[in-house]
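Student: Spelled out, the chains give:
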Amino acid sequence: MITLSHYLLVSAALFSLGILGVMTRKNAVNVLMGIELILNSANINLVAFSRYSSHTIDGQMFAIFVIVVAAAEVAVALAIILTLYRILSTVNLDQADSLKR
Amino acid sequence: MILDNLQSLRFFLPELTLILAILVVILCDITFKSLRNVLNPLLTMAALVLAFYFTLQLNQAGDATLFRGMLATDSFAQFFKIFLLLAAFLVLLGSLHSEELSQVHQGEFFVLLLAVTVGMILMSNSIHLAMLYLSLELVSLTSYIMVGYLRNDRLSNEASLKYILFGAISTGSMLYGFSLLYGMTGSLSLFAIRDALLAQGVHGFNQFTILLILVLTLAGFGFKTAAVPFHFWCPDVYAGAPTPVTAFLSVAPKAAGFAILLRFFFSGLTQSVGSQWGLVSGINWPIVLIAISVLTMTLGNIAALTQNNLKRMLAYSSIAHAGYIMMGAVVLTRDGMKSMLIYMFIYLFMNLGAFHVVTIIYNSEKTFDIEDYKGMFHRAPFLSTAMGVFMLSLIGIPPFAGFLGKLYVFGAVINKGLFWFAVVGTLNAAVAAFYYMRVVKAMIIEEGNGNTAPLQISFLNQALLVALLLPNILLTIFWNPIDRWTAASVKLFGGL
Chain A
1 MITLSHYLLV SAALFSLGIL GVMTRKNAVN VLMGIELILN SANINLVAFS RYSSHTIDGQ
61 MFAIFVIVVA AAEVAVALAI ILTLYRILST VNLDQADSLK R
Chain B
1 MILDNLQSLR FFLPELTLIL AILVVILCDI TFKSLRNVLN PLLTMAALVL AFYFTLQLNQ
61 AGDATLFRGM LATDSFAQFF KIFLLLAAFL VLLGSLHSEE LSQVHQGEFF VLLLAVTVGM
121 ILMSNSIHLA MLYLSLELVS LTSYIMVGYL RNDRLSNEAS LKYILFGAIS TGSMLYGFSL
181 LYGMTGSLSL FAIRDALLAQ GVHGFNQFTI LLILVLTLAG FGFKTAAVPF HFWCPDVYAG
241 APTPVTAFLS VAPKAAGFAI LLRFFFSGLT QSVGSQWGLV SGINWPIVLI AISVLTMTLG
301 NIAALTQNNL KRMLAYSSIA HAGYIMMGAV VLTRDGMKSM LIYMFIYLFM NLGAFHVVTI
361 IYNSEKTFDI EDYKGMFHRA PFLSTAMGVF MLSLIGIPPF AGFLGKLYVF GAVINKGLFW
421 FAVVGTLNAA VAAFYYMRVV KAMIIEEGNG NTAPLQISFL NQALLVALLL PNILLTIFWN
481 PIDRWTAASV KLFGGL
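Going down the list, the sequences are from chains A and B.
Taken in order, the first sequence gives residues 1 to 101; the numbers are from our numbering.
Taken in order, the second sequence gives residues 1 to 496; the numbers are from our numbering.
Looking at chain B on its own, in the form it has when it is part of the complex (with noise of 0.2 Å):
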């Protein structure tokens, strides 16, 4: 089903909602100056809820692209936008009670937090080279300014500029790549450009132009999803941005990604032969998808060993989470794009959690080093089990929900056949269990410096860490429901 722009706004309404409450949240910002506050999060938080309404409504709808071939509303989508949301009022809660944010207004941060969620939806139902490009273009100039919202900091500020410089140039190759794409083809649509290249053929000379496309967008795409060797700002940005924006950036622009990675190469250059997906004869990208992914997770995890700022820590874990993210998508069977998105559901209550309790004892402590953690355990001992199960499952042992998502990871590099791949993989999560253990063992084992106050959590932190801790415990008991959705989910529109 192809509509037109009018047709098109039944199935918009999750993102028209969102639009409308980014202009709703800035005049409330400007209007009512005693009772802002209180209200500006209070909108926000309905806004996304709204949204979600929506979008739990569309899921009867059908496929369709929308505003004349722009976008496409198919279950893929229906997942991201469930999975964006979702993070987006985790990431809005975690905000409200976090010390480095206080420090400023925070008006313009609900409205900032609204239009990245509504760029980063946009971006991941994008089926056409100039709605992906502008959709990524508003996800970033709105994640940089979040980055620099602590205007007197100067951590914050470099970030922000090492993040926009490097965003800009990454964004730019990829703008470059698409262009080429486009003179090969002829078309900025995703569909026709695969019918473009099965039609003509790739061979000779355009095998090396079709090299030079895939690494000039993979730029863009490893930007966003802090893969190497595009992944130089991570660190800095993650330790520069305020605590709350990190956890969000280092799940939520990441998936989006993700996404966005797959609608390229599932829609654009992957043709379906019978039931399964194949390449387009000439252009081989599993190849470098594979060379990325190793290279990501091996640098990543080796990196994080000598980190002793946490923040910095759990952004070389990141890194490394995106190259086990990336194993299912070189497999090109449904088996691997559902263990993707499985992957990304359970990293989002794993990592959102640990830069939780980052953010909590960042609150009374005022720091980010690992040594300062020892002793935490008798200050506050749910706090310090909590997260110890957050790095039991990012490093993926049971019965934590971790294990859950390496397992339909490297189940499916194992049924294609690609054992060495799976080897690297586990390899790479031992090496990983010695920097989350440290925390652990720092943060339980070891005798801090003999200040035994409590620590103090306000009730909202306490209860959102809860509502973190549950998925990572229950996810891997009742695994069945997350299943069946993501395996309903793995269809692409105008492909499998």
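For reference, chain A alone in the conformation it holds in the complex (with noise of 0.2 Å):
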């Protein structure tokens, strides 16, 4: 039997694999999946949240429009990472240091 305390302990261990991912990456690409990690283990949340102790589908129609913004937002990352691309030649996130004084 699946329960709702299943559902969180799945979405909590994402959302920490997920700010594991975005502290630990040199990567600007692998720290964007950290990033989609923690807003799906949102998602999770809210759709598990809807299913089984609200009886709205608030949640539900929340976690599309999170699914929505994602992608904007993933688009938006990967088009700036694609310009600091050409100008560095690299997307490692150690070499874009030049705004260290």
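It is worth saying that the hints were derived from the structure and are not from the lab.
Cβ coordinates follow ideal geometry from the N, Cα and C atoms, glycine included.
Heads up, a few of these hints could be off.
With the Cβ distance kept under 10 Å, some of the chain B side facing chain A (calculated, not the full set) [as the list claims (entries may be wrong)]:
| hint | residue |
| --- | --- |
| 1 | G107 |
| 2 | L129 |
| 3 | E137 |
| 4 | L138 |
| 5 | N152 |
| 6 | L155 |
| 7 | L161 |
| 8 | I169 |
| 9 | S179 |
| 10 | M184 |
| 11 | H203 |
| 12 | I397 |
Make one complex out of these two single chains by using the hints.
Tutor: Here it is, written out as structure tokens:
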């Protein structure tokens, strides 16, 4: 029997892995994948709560909007990474350090 | 009054105007190749003015929730609509004669400016978590692009990358917090959340959960308002972005962030006790905000002391100002919220003014280094005097308007009996005086490298400088209208 707690455990694990990925990865594209994990962990939460504890479909509606926004965000982020790649010829975040004084 | 979709449109005219203008400017940009450099800014300006007119028309309409409880229209929203449209208009004027932006085609810049303005207006009106998240992302996405607007500039691109990575993480954490809050209360509407929290009570394990939710959601709001510890992006992004964009980011999204913070905490996590606001038992959010406020102003001011790049220094100074503004939220009184609105309104003019001077000097000198500002008084006496006024106003020295803002904020805190908090704020203002005065000293007292050629300033830039300078001087003398206006604006829908 799968209960609400199972979903919450999966989403908490995904959220933690996402934060871990964002903190440790040096490749900008990998960091983006960590961000996707964070957003999707929230999606799992929203849909699970909507199914189990709330009697409305608000949560599922919200999750669909989040998916759309995540796609838009990745599109903008990839465009920025591409322009930076044209200038630096790398997507390594350690080398994008000219703003540090 | 709860309005459905068609009835709401009447109250949605300012936003509709801006959305229509986005389409018109895009079309104009691709069809009129020869006229577009003149038409685009004019159309954008016309749209902002028209939206401003419609906003003023709304004044008599009364309170309502629009689109089945997604947005609120109340006097609080009214204040922020006026504020944000004014900020967008001033930044638009400031960007027209900027050397940085004129290197690239500007058509998209106006579209982005309009889009971010729509986003911020929606942000300050939202009373539903989904709307709140969507509008916050609309503001974030457009401002990421604005920061990276100089395509061939390495700094601009790096700033944009940092901004989007930090922003995505912060808003992602905020979203996770929202999902937990939804699970706890079974609703996404702020009012329903408050009712659910009041009905079920917050105790035991729920108290831990709500603390977690507070920290996670504050990551999102803190990112927008550049509050410690979510401020790491701020200095780099401000230094790398084109200066007019920096000026915009330091004022408008910050104010929208505070609007949403107030809405979230005062509509969602606060109950009315008699004619006062009171905490929902078990959720002591002011403590969290006090800690963030103290950390924000202290770290911001101390970090600003050692900066040589004026844009970075102003970035840290804007972090510190976020701390001062937040002081007004923790006291849970009408005076407190009023003081925040007054502070933000004054901060608009002093900070945009300071950044406008930076833009003008960069146009001919191509430098942001404070060392290169030496002897500027001999080359541009009026500009240097104006910068002096902006700096003194930012410190909070009478008779300039910044003093009025600090007076209201500290006064609200003292009225509540939090003397130590006001002392921390005052000490911080004293520390801040060091780095602001350093700029004044470099520009007015110190001798330059012998270059005495007068600085070239376009007429538009001079006119804008005067327009930004006047409120800094006049608001302290004519403080009565702004006092009455903000006092009337402290009225949230469904609250007090």
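Student: State the violated hints by number, sorted upward, taking the hints as numbered earlier in the document.
Tutor: 1, 11 and 12
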